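Engineer: For reference, the chains in residue letters:
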Amino acid sequence: MMMDLNVIWFVLVGVLLTGYAILDGFDLGVGTLHLFVRKDEHRRLLLNSIGPVWDGNEVWLVTGGGALFAAFPEAYATVFSGFYLAFMLLLCSLIFRAVAIEFRSKEPWGWWRKMWDIAFCLGSVLSSFLIGVAMGNIVRGVPLGPDYEFAGTFLGLLNPYSLFLGVTTVVLFAMHGAIYLVMKNDGELQMIVRGWVPRLIGIFITCYVIFNMVTLVYVDRMVQVARERPWILAVMLLDILIVMNIPREIHKGRTFNAFLSSCAGMALLMATFGLSQFPYMVFSEPNPENSLTIYNAASSPKTLGIMLIIAGIGVPIVLAYTACIYWIFRGKTRLTSHSY
Amino acid sequence: MKAVTMDAEILARIQFAFTVAFHYIYPPLSIGLGVILVIMEGLWLKTGNVLYHNMARFWTRIFALTFAIGVASGIVMEFEFGTNWATYSRFVGDIFGSALAAEGIFAFFLESGFLAVLLFGWNKVGPRLHFFSTCMVAAGAHFSAVWIVVANSWMQTPAGYHLETVVDGKPVVLPPGHVVTEADLGTVRAVVDDFWAMVLNPSTVDRLTHVILGAWMAGAFLVVSISAFYLLRRRHYDFAKASLKVGLGLGMFATVLQMISGDLSAKGVVKNQPVKLAAMEGLYETEARAPLTLIGWPDSKAEKTHGIKVPGLLSFLAWTDPEKPVQGLRQLPSDEFLRKRYPEASAEQLTEIRKSYWPNVPATFQFFHIMITVGVLMLLLVIAAGIFWIRGTLFRPDLPATRVLLWVLVFSVLGPQIANQAGWFAAEIGRQPWIVYDLLKTGDALSKVVTANQILASLIMFTFVYLLLFAVFIFLLTRKIQHGPDHGEESDQLPESWKDVVRHAREARA
Numbered sequence: 001m002m003m004d005l006n007v008i009w010f011v012l013v014g015v016l017l018t019g020y021a022i023l024d025g026f027d028l029g030v031g032t033l034h035l036f037v038r039k040d041e042h043r044r045l046l047l048n049s050i051g052p053v054w055d056g057n058e059v060w061l062v063t064g065g066g067a068l069f070a071a072f073p074e075a076y077a078t079v080f081s082g083f084y085l086a087f088m089l090l091l092c093s094l095i096f097r098a099v100a101i102e103f104r105s106k107e108p109w110g111w112w113r114k115m116w117d118i119a120f121c122l123g124s125v126l127s128s129f130l131i132g133v134a135m136g137n138i139v140r141g142v143p144l145g146p147d148y149e150f151a152g153t154f155l156g157l158l159n160p161y162s163l164f165l166g167v168t169t170v171v172l173f174a175m176h177g178a179i180y181l182v183m184k185n186d187g188e189l190q191m192i193v194r195g196w197v198p199r200l201i202g203i204f205i206t207c208y209v210i211f212n213m214v215t216l217v218y219v220d221r222m223v224q225v226a227r228e229r230p231w232i233l234a235v236m237l238l239d240i241l242i243v244m245n246i247p248r249e250i251h252k253g254r255t256f257n258a259f260l261s262s263c264a265g266m267a268l269l270m271a272t273f274g275l276s277q278f279p280y281m282v283f284s285e286p287n288p289e290n291s292l293t294i295y296n297a298a299s300s301p302k303t304l305g306i307m308l309i310i311a312g313i314g315v316p317i318v319l320a321y322t323a324c325i326y327w328i329f330r331g332k333t334r335l336t337s338h339s340y
Numbered sequence: 001m002k003a004v005t006m007d008a009e010i011l012a013r014i015q016f017a018f019t020v021a022f023h024y025i026y027p028p029l030s031i032g033l034g035v036i037l038v039i040m041e042g043l044w045l046k047t048g049n050v051l052y053h054n055m056a057r058f059w060t061r062i063f064a065l066t067f068a069i070g071v072a073s074g075i076v077m078e079f080e081f082g083t084n085w086a087t088y089s090r091f092v093g094d095i096f097g098s099a100l101a102a103e104g105i106f107a108f109f110l111e112s113g114f115l116a117v118l119l120f121g122w123n124k125v126g127p128r129l130h131f132f133s134t135c136m137v138a139a140g141a142h143f144s145a146v147w148i149v150v151a152n153s154w155m156q157t158p159a160g161y162h163l164e165t166v167v168d169g170k171p172v173v174l175p176p177g178h179v180v181t182e183a184d185l186g187t188v189r190a191v192v193d194d195f196w197a198m199v200l201n202p203s204t205v206d207r208l209t210h211v212i213l214g215a216w217m218a219g220a221f222l223v224v225s226i227s228a229f230y231l232l233r234r235r236h237y238d239f240a241k242a243s244l245k246v247g248l249g250l251g252m253f254a255t256v257l258q259m260i261s262g263d264l265s266a267k268g269v270v271k272n273q274p275v276k277l278a279a280m281e282g283l284y285e286t287e288a289r290a291p292l293t294l295i296g297w298p299d300s301k302a303e304k305t306h307g308i309k310v311p312g313l314l315s316f317l318a319w320t321d322p323e324k325p326v327q328g329l330r331q332l333p334s335d336e337f338l339r340k341r342y343p344e345a346s347a348e349q350l351t352e353i354r355k356s357y358w359p360n361v362p363a364t365f366q367f368f369h370i371m372i373t374v375g376v377l378m379l380l381l382v383i384a385a386g387i388f389w390i391r392g393t394l395f396r397p398d399l400p401a402t403r404v405l406l407w408v409l410v411f412s413v414l415g416p417q418i419a420n421q422a423g424w425f426a427a428e429i430g431r432q433p434w435i436v437y438d439l440l441k442t443g444d445a446l447s448k449v450v451t452a453n454q455i456l457a458s459l460i461m462f463t464f465v466y467l468l469l470f471a472v473f474i475f476l477l478t479r480k481i482q483h484g485p486d487h488g489e490e491s492d493q494l495p496e497s498w499k500d501v502v503r504h505a506r507e508a509r510a
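Sequences listed follow chains A and B, in order.
Every letter in the first sequence is one number past the one before it in my numbering, and letter 123, counting from 1, is 123.
Every letter in the second sequence is one number past the one before it in my numbering, and letter 487, counting from 1, is 487.
Hints are computed from structural coordinates only; laboratory data are not their basis.
Computed from a prediction, not measured in an experiment: that's the story for all the values here.
Just so you know, even glycine gets a beta-carbon here, dropped at the ideal spot from N, CA and C.
Among the clues, some could well be false.
Stretch by stretch, here's where chain B covers chain A in the computed footprint (C-beta under 8 Å, at least three residues) [as the list claims (entries may be wrong)]:
1) 41-53
2) 101-111
3) 247-255
4) 292-303
Next comes chain A alone, as it looks inside the complex (with noise of 0.2 Å):
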């Protein structure tokens, strides 16, 4: 395979998304069990546990928004003009979800307080369902014209399918989410979400081995998929492997490992939607022949070269200075006067 501009900004892409993924996967989730957790106190310890960072992990979806608009116009305009109302849906979620974090603890009222957490969880547990059903949507094709255009309808994207993989990424980020929070927090805290880590690492093993089950029975594509390249469920085993391994870290008390397994699981879960992708941007079921690829779904070769200096430039010095706001924010969560 030859490693052209295409193929670097379909990494890239992905590499963005993973980020993001992984990143904003833990605040979701911790949005997710916020209203499980009854103490007032309790709940600003979770917020306060992605407080610093929940805002830099969200940008990680608007870079790869854009990246996705600069490398590949073609598939960010049919994925975002076919998927209208989720995504509306979602933006309207996340905003719900940002401003929740921020206002909530600003007044003592019960009700307003109360009021925030549920608008900080159901904006966490709607983003993640619809970011799973998109997935799901990708993954399964959608029917596309021959303009490249999306020909099929807004129920039509809530197929069972779907459906089924957006419940599975509430449970995966919860999992995630969960896992950060132990390893954020103590005490009391510590221990009510170490007891959920368990059952959400079971569940969604589960819900994952289903969806793949159906995958391979209803995806015609993945089965071919599969036969071409048996490799990827290799990385798919490894993965189940990895995320078992949570619990035992956790178990010797080994939190960060543990949640650094988490990362682990989840970039390789979206290598494998990746490599099972690829060429495809959005595959078109039915009409495969109106699909759109990495060449015919990209921008200029001078654009990607161009985005590949400003990547090239922008990139380590992200993650520069995000590693070093990480370490700054390092240690257990406490409550001060600045706090959530």
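For this one, chain A is given, so just place chain B on it according to the hints.
Structural biologist: Structure of chain B alone, referenced to chain A:
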């Protein structure tokens, strides 16, 4: 069919205008307050005066509030190009997309990453690293303005590109001056030739300066307004006085420069977008000694503008020559431009066709004039405040004249907001019917698969959500103002590493 697409076009435009106008309340505040925070924290590091430390902390809390809503409403903008303007996205993705991606990589990460240290790092890092973080947040906010204004300016004055189509899967370059027709949509696209010519297109520098100064004014006058309010209420006197000095200082600086920048921007519009300029000034007839209408109303039926006019002033402002003619709408766009698109049309038909290339003249005119009027009022206000300041009566709320001025300053926060919004409305309505100037029409840029009903549904949703957010924002802002700065943050309660700054300053003074 035509009626349906019209509905979708109008709704999509309303939706974009509404979501971007709401969004644009916040980024200018973040940009302006960012500069204010850098000044305040810099002053603290330099003088060790704890007052500046208290100020930096208080204004950081206000900053955090505006930033959160700015981020939340900003993602909508990035998605909307794809959701509502898919044909546009396909047409310009090669160019416009790279500016957006650069904004993400160079601006948003910087801003949001270091924001964590700015907001939550008071006890985690030393004072110098904290100051550095504040600078980075402010820099990120400015970079974001750079890239988004580059993208928008390219839509106003496209440069550094060629048009391209696909024949048998291979790209074919179209000759310069190719007229994009309906049949081209979905296949023809703009492709970058020269990245720097695209970035530094003819209007980028003027418009960027104008936008950034407008943002500094927005941030500065928010500080001015709240400080003046405290002075009037005789609350937090020292804090309010010092904040007012910083805010008013930046506000004066930006307001004066904004007059020059406004003049340069308008001269750019004369050159690059004559139709827009004629609409902004309500100028129908090409005339030497073209008049400037100070206050008036264009009558689009009679094609005449009524009002108070200063003869020759428009010619003078446009060309620094009161005798030189300024082109009016009846001659714009040129016959040559129209002939290229309608080779068969008779002279009478061209007169009618020409009007379809005009923006809504009364709206463009009025928004532009609101911006100018508010700008001039702001200039008069900063001059008045400057006189009070020099005479030493600005910080004397016991004097009746000062009280009047302070009350005006309390409401001055609205000035830059109104002018910023009106300016953008004039700029964006004034370039219609084009989405990419002289290249792609707004009506051709919509998403083909999105129906009017879908847009309406999402518009209703955003209206509810944004009204709620705005109400909560105003409520929390008022509460924060009522609460005022914390007095618990005195020097003996600072973290150990921060106390050095105060100690050094004391030693230096002794």
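Engineer: With reference to the structure, classify each hint as holding or not holding.
Structural biologist: Hint by hint, here is what the structure shows:
| no. | hint | verdict |
| --- | --- | --- |
| 1 | 41-53 | holds (count 3) |
| 2 | 101-111 | holds (count 5) |
| 3 | 247-255 | violated (count 0) |
| 4 | 292-303 | holds (count 5) |
The structure does not agree with numbered hint 3 stated previously, though it agrees with all others.
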